[in-house]
Amino acid sequence: QQKVQQSPESLSVPEGGMASLNCTSSDRNFQYFWWYRQHSGEGPKALMSIFSDGDKKEGRFTAHLNKASLHVSLHIRDSQPSDSALYFCAARASSGSWQLIFGSGTQLTVMP
Amino acid sequence: AQTIHQWPVAEIKAVGSPLSLGCTIKGKSSPNLYWYWQATGGTLQQLFYSITVGQVESVVQLNLSASRPKDDQFILSTEKLLLSHSGFYLCAWSLAGEQYFGPGTRLTVL
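Read top to bottom, the protein sequences are chains A and B. Residues in the first sequence are numbered consecutively from 385, following this note's numbering. Residues in the second sequence are numbered consecutively from 11, following this note's numbering.
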């Protein structure tokens with residue numbers, strides 16, 4: 385079983401709408417989380433990190449972490465066609481760990 | 011500023027032929043380096059990581075090998091390609107846990 389699971393697999397939202405992506409970890413050792421975005425044909429780029437319980441907002445993007453339930457979410461408000469991409473949740477265990485575990489990804493399509 | 015470069019951009023190779031993919035990082039001394047494989051639209055599967063020159067650890071066995079001949083260079087290779095090697099290969103370096111990816115190499119094995 386994959387240690388980091390994402391839902392939904394794909395998501396379509398209208399331009400200007402809200403997109404909500406979810407990520408659940410099955411390993412309580414994971415303490416640090418990132419959201420990455422990958423446009424077709426490119427390498428992934430980190431959108432934001434979240435290490436503490438609660439919300440973290442960066443522009444149109446808000447991440448939420450609940451360590452008790454091992455749940456991370458990403459909310460994109462005022463979605464733009466340029467937000468259409470593959471989104472990955474990634475998790476790391478301790479501060480000394482070298483390995484980043486990626487989820488299966490959510491394909492977001494923003495319709496003009 | 012750090013830059014990461016991968017070569018070639020794309021390759022089309024025959025089953026059974028050899029392969030060598032390269033990655034160079036500039037502007038970062040002694041980075042941790044990683045190789046990932048990605049099927050089209052799929053997740054990122056870590057293949058190898060390297061903490062220092064000459065030292066490479068394998069994460070999964072896919073009939074591939076990796077080497078780090080220089081501090082800023084990471085090489086992925088195989089002597090005999092399989093159809094299952096097709097995909098997108100990504101090199102990355104890390105700082106404080108966050109990983110920074112290169113532009114990738116698209117490999118098609120026929």
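Hints listed in this document are in silico derivations from the structure and should not be mistaken for laboratory results. It should be emphasised that the depicted structure is a prediction, and the values quoted were computed from it without experimental measurement. Beta carbons are placed, not taken as given, at the ideal position from N, Cα and C, and that holds for glycine. One or more hints might be untrue.
As the list claims (entries may be wrong) - Going by beta-carbon spacing under 8 Å, a handful of chain B positions derived as facing chain A:
no.	residue
1	Trp-17
2	Ala-24
3	Ser-27
4	Gly-112
5	Pro-113
What the hints assert, rightly or not - Here are the computed lysine to any residue pairs in the SDA-like style, where the Cα-Cα straight-line distance is at most 25 Å:
no.	chain 1	residue 1	chain 2	residue 2
6	B	Lys-38	A	Lys-387
7	A	Lys-429	B	Leu-92
8	A	Lys-387	B	Ser-104
9	A	Lys-429	B	Ser-27
10	A	Lys-387	B	Ala-106
11	A	Lys-451	B	Lys-38
12	A	Lys-387	B	Ser-39
13	A	Lys-387	B	Leu-105
14	B	Lys-38	B	Tyr-110
15	B	Lys-80	B	Gly-52
16	A	Lys-387	B	Glu-108
17	A	Lys-429	B	Lys-38
18	B	Lys-36	A	Ser-433
19	B	Lys-36	A	Met-432
20	A	Lys-429	B	Val-25
21	A	Lys-387	B	Gln-71
Take the C-alpha atoms of A:Lys-387 and B:Ala-106, compute the straight-line distance between them, and say whether it is at most 25 Å.
-> Given that 25 Å is the threshold and the Cα spacing comes to 21 Å, the pair holds.
B:Pro-113 as chain A interface residue, shortest Cβ-Cβ below 8 Å = holds, 5 Å
Sort out whether B:Gly-52 lies within 25 Å of B:Lys-80, counting only the CA atoms.
-> It is violated: about 31 Å lies between the C-alpha atoms, which goes past 25 Å.
Measure nothing beyond the straight line between the CA atoms of A:Lys-451 and B:Lys-38; if it is 25 Å or shorter, mark the hint as holding.
-> violated, 33 Å
Does the alpha-carbon distance linking A:Lys-387 and B:Ser-104 stay inside the 25 Å limit?
-> holds, 21 Å
Holds or violated: are the alpha carbons of A:Lys-429 and B:Leu-92 at most 25 Å from each other?
-> violated, 29 Å
Was the hint right that B:Gly-112 lines chain A, CB cutoff 8 Å?
-> holds, 5 Å
Going straight from one Cα to the other, do A:Lys-387 and B:Ser-39 come out at no more than 25 Å?
-> violated, 32 Å
25 Å limit on alpha-carbon distance, applied to hinted pair B:Lys-36 and A:Met-432 | holds, 23 Å
Is A:Lys-387 within 25 Å of B:Gln-71, Cα to Cα?
-> Within the cut-off at roughly 19 Å; holds.
Hint consistency between B:Lys-38 and B:Tyr-110 [alpha-carbon to alpha-carbon, up to 25 Å] = holds, 12 Å
Take the C-alpha atoms of A:Lys-429 and B:Lys-38, compute the straight-line distance between them, and say whether it is at most 25 Å.
-> holds, 18 Å
In summary, the numbered hints that this structure violates are 1, 2, 3, 6, 7, 9, 11, 12, 15, 20.
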